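Listed below, chain by chain, are the residues.
Number of protein chains: 2
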Amino acid sequence: MKTNQQLIDDRARLLGPNVSTFYDNPIHMIKGEGVWVWDAQGRKYLDCYNNVPHVGHCHAKVVEAICQQASTLNTHTRYLHEGIVRYVDKLTATFAEPLSTAIMTCTGSEANDIALRMAEAATGQRGIIATDHTYHGNTTMVAKLSNSNKSDFGGESHVRFVPAPDSYRPAYWLDGGLPEGMTHAQAFAEQVKLKIKELQASEHGFAGMIICPFFANEGFPTLEAGFLDETVAAVKAAGGIVIADEVQPGFGRIGTHMWGHQRVGIVPDVVTLGKPMGNGHPVGGVVTSMALMTQFREAFRYFNTFGGNPVSCAAAEAVLDVMAAEGLMEQAMEVGDYARAGLQALADKHVCIGDVRGSGMFFGAEMVLDRNTKEPATAFTKRVANAMREEGVILNFLGINYNALKIRPNLQFQKQHADVMLQTLDKVLSKVVLQP
Amino acid sequence: MKTNQQLIDDRARLLGPNVSTFYDNPIHMIKGEGVWVWDAQGRKYLDCYNNVPHVGHCHAKVVEAICQQASTLNTHTRYLHEGIVRYVDKLTATFAEPLSTAIMTCTGSEANDIALRMAEAATGQRGIIATDHTYHGNTTMVAKLSNSNKSDFGGESHVRFVPAPDSYRPAYWLDGGLPEGMTHAQAFAEQVKLKIKELQASEHGFAGMIICPFFANEGFPTLEAGFLDETVAAVKAAGGIVIADEVQPGFGRIGTHMWGHQRVGIVPDVVTLGKPMGNGHPVGGVVTSMALMTQFREAFRYFNTFGGNPVSCAAAEAVLDVMAAEGLMEQAMEVGDYARAGLQALADKHVCIGDVRGSGMFFGAEMVLDRNTKEPATAFTKRVANAMREEGVILNFLGINYNALKIRPNLQFQKQHADVMLQTLDKVLSKVVLQP
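Top line first, the protein sequences correspond to chains A and B. The first sequence begins at 115 in our numbering and counts up one residue at a time. The second sequence begins at 115 in our numbering and counts up one residue at a time.
Looking at chain A on its own, in the form it has when it is part of the complex (with noise of 0.2 Å):
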C-alpha cells in the first residue's frame, strides 16, 4: 500500500496541479460501512459529512441492486427496459403535480445544464439569476452561475447574482443592511426584482432563476415560512422559469420533507437531482412537467448514453426502496432534532458557537469570534475542522464567510452517532484556540 506521500506525489504527476484534498492531513480512504470509513492504517472515522452514499457507505440493497443488474444487462435508453419507466414512476410520485416527467443524466452538472436548456426552450431568453454564493456544477454553462469561479468561457455574461440570503446577520446581508421595514423574505425579492429588470434590459433577456431551495452552501440560513414566496412571484410574474436544485437538500435529507421545495412550500419549474441519487453510482436527473419537457424536447435534440441504463436505474431505485423501508427520512429528523439541540447545549459552553441551525441530516453552527459583533471566525472554523479529523470525526466548513460547520452524515446517522460527534467537538472547542 502506498504511503499518503507517494499517493500525493502520485496525483500531482498524474493529474496535475491544484486537484484539492480535504484536510491539511488529507485521509487515505480504503474502506466504508454505514456511517464509518476507514483509513488506510486502519483507523476508523465517524463520517458526518458525505452525503452521496446517502443510504450509507456501501448499503447492502444498493450494492446488490447494483451487482444483480450489471451482471444481466447495461444498455441505453434507445433500447425499452422497465428500469426507467419503473423508477421515473417511483420518482416522480414524491413531486407534487405538474412535476411528473424527467430525463435521466449522470450528474446533478449534467441536470442544471438541461435545466438552464428549459429554461430557454420556455422562454426563448437565456438570463438566468442564481444567488452570489452558491454552486450548480461543473460544465462550462453550469461553472458560470458560480460566482466564484475564476474564469470564464469569453463574453458577457448572461447571469446576474443576488446576495444569498443570511439570517443570522440580516444587517451585513446586504450593503446597509436590511432595508427599513423590510421582511428578509422581501429584501431578497427585491434584488431579485431588480436583477430581473437589468436582465429584461440586456441582449440576454430574463429566462429565469435557479436557486438550492435549502441554501447549502450559502450557510443553510434559517428561513421564515413562505421566503421564496415573493421571489417566485416576481419571477413568474416576468415569465421566468423557476429551477430547484435538489442536489443537496433533496431525497429526504433535511427530514421534514423529502424535497427542499417542499420545505420551503414552492412548487418550482424545473428540479434538479444529483449525488445522493445512486447512493454514489454516477446518477442525476432533471423533473419537471410534460408542458416544459414537450418544449424542451422539440427545442433541443438530447440523448445521455449512460443516463438511464439500466445499471444506473437499479442503484437509484434500490436508494428509494431503502429509505422506505428503513424509514430513513423520519430518522433524518428525529436524530437531527436530537443533534441540534445537542449542539445548542454545546453553545452553552463554547463562546464560539454563535448559531445553530439547520435540518434533519444538514446541520451546523456558525462560529464567530464575538456574538455581539457576530464577527466570523473563519480560520478558526476551518481549524476545527481539521481537529475534529485528527480526532477521528469528517466533517467540514461553508457558508458566505466559511465560518459555519457543515454537518451532513448519511441517513444512517443514529442518536449515538450525533453523541459522538458532539463529545468530540466539545473537546475540540475546549482545544482549538478562538482567535483569528
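If you're looking for bench data, these hints aren't it; they were derived computationally from the structure. All the given hints hold, so there is nothing to weed out.
When chains are identical, the list treats them as one kind, so a pair holds in a single copy or across two.
Derived DMTMM-like pairs: lysine to aspartate or glutamate, alpha-carbon spacing no greater than 25 Å straight-line:
{"hint": "1", "residue 1": "LYS175", "residue 2": "GLU147"}
{"hint": "2", "residue 1": "LYS145", "residue 2": "ASP435"}
{"hint": "3", "residue 1": "LYS258", "residue 2": "GLU317"}
{"hint": "4", "residue 1": "LYS145", "residue 2": "GLU178"}
{"hint": "5", "residue 1": "LYS204", "residue 2": "ASP123"}
{"hint": "6", "residue 1": "LYS463", "residue 2": "ASP484"}
{"hint": "7", "residue 1": "LYS158", "residue 2": "ASP533"}
{"hint": "8", "residue 1": "LYS529", "residue 2": "ASP153"}
{"hint": "9", "residue 1": "LYS204", "residue 2": "ASP124"}
{"hint": "10", "residue 1": "LYS307", "residue 2": "GLU344"}
{"hint": "11", "residue 1": "LYS116", "residue 2": "GLU196"}
{"hint": "12", "residue 1": "LYS145", "residue 2": "GLU196"}
{"hint": "13", "residue 1": "LYS116", "residue 2": "ASP203"}
{"hint": "14", "residue 1": "LYS116", "residue 2": "GLU178"}
{"hint": "15", "residue 1": "LYS204", "residue 2": "GLU444"}
{"hint": "16", "residue 1": "LYS496", "residue 2": "GLU412"}
{"hint": "17", "residue 1": "LYS158", "residue 2": "GLU196"}
{"hint": "18", "residue 1": "LYS145", "residue 2": "ASP203"}
{"hint": "19", "residue 1": "LYS145", "residue 2": "GLU504"}
{"hint": "20", "residue 1": "LYS309", "residue 2": "GLU344"}
{"hint": "21", "residue 1": "LYS541", "residue 2": "ASP462"}
Only a predicted model underlies this, so the values are computations on that prediction, with no experimental measurement involved.
With chain A held as given, fit chain B onto it using these hints.
Just chain B now, with coordinates in the frame of chain A:
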C-alpha cells in the same frame, strides 16, 4: 413483464416526447452476455452495434471489479485513493509523450466540455472548428459542436464547421468537387485554414479544432496516410489546440492502434474519452500534457463529484486489464479484416454495396442506388437495418448521407459471429428492394 406497447406508453408519459428508440419495432432488451443480447420474449440477437459494453456485455471481470469496489468503498477524489492513480498510470501509458495527465469525468460529454475550456485556457480565445457532420456530446456548450442540433443556447456561435471528409465521393464533397490538383487531405486542410482565418477575424478568436480522428459519425472514410498532417500543422501554426475525440475509435476498437489519432499519425494536445471506458459504467476522461493541464487547472476551478470515484476507476481498470489479458485489440484487427473481406465478397452479389471500409471493430458498407452515380441509398439503408433487426442481428447506419451500415460490435466479436452477420446481411440484401 410489460409489453412493448406498455413500455412505449410509459416512456411517453414519464420521459416526454421525442425520446427516440432504435428501429421501427423497438427492442425490449433484458439480458446481455458477450456479443449476444436477449429480448423479453426470449429471442437472442447478435449485437453488432453497441460499443459501450466494450469487452463484452456483462464481462465477468468488469462486473466483479464493480461489485468488489462498490461493496468496499465509493467516495470521491478529495480523499486519497490508490484506484485513480493506478488507473491513470495505466491509461496514460498507452499514449505518446507528452500526454501524461488526466481528469476523470462521468461522460464523454463532460470530457469534451473540459477540452473546450483547456483550449480557452491555453489560447485565451474560444473559437472552435469542427466538421459539419459530427457529434461530440450533450452539454450546452458541446452540443454547439454539432451542426445538426436544432437549437442553440443564445448568441452568435463561436463554432465554425468544415465539410466532413468523404473518401468515397470526393467529387460530391465540396461544392464543385475536389479542387484541381489537390489531394483530399490538402482540400480538407484548406477548408480548415479558411475557418481559422474567419475565427481570427471574429470576436471569438481561434482556440482550436475538435475532431474524431476516425471521423466515425462522418462515415469513417478511408483516409490516406498523413491525412491530418497539414490540418494539424495549420491549427498549431495558428496557435490552436488539437482535440482528438476518441470516444468512438479509442480503446483499441480500430484494431491497428489503441487510439484513432495514432492510426492517423498525429499527436493531439488533448484527447477525450467516454463510452467504452468502463464497459457501461458511467466514466469518461480527458488526457493531456502536464503543461496544458496546469494551464487549465490554473484558469478554472474544476471538481467532479463522481469523476474518478473508486468504483468507476475499478471498472475502467478492469476494461484495460481484460483487453490485455484476452488480446482483444489484436482480435479486433483480425476479425475486422475478416469481416470486411466478407462484406467485399457480398459486394460481388449485391450492387447496392458501393464501398466497404473501416478498421477493426468499426466498419461497414456504403449503400448506393447506382454504383456509377454513387447516389446514396439512404431510405434503403434504413430498411436494411430494420430488416437485420427482424432477422436477429443488431446494427445501424450513419454517415453524411446516412447510407453507411454502421457495424461496431464489442471486442468479443469473432469470426463465427462475423459469419452470422454476413449470412444474415446476404439474406436481407436479397429481400429488401433497392429503391429510394
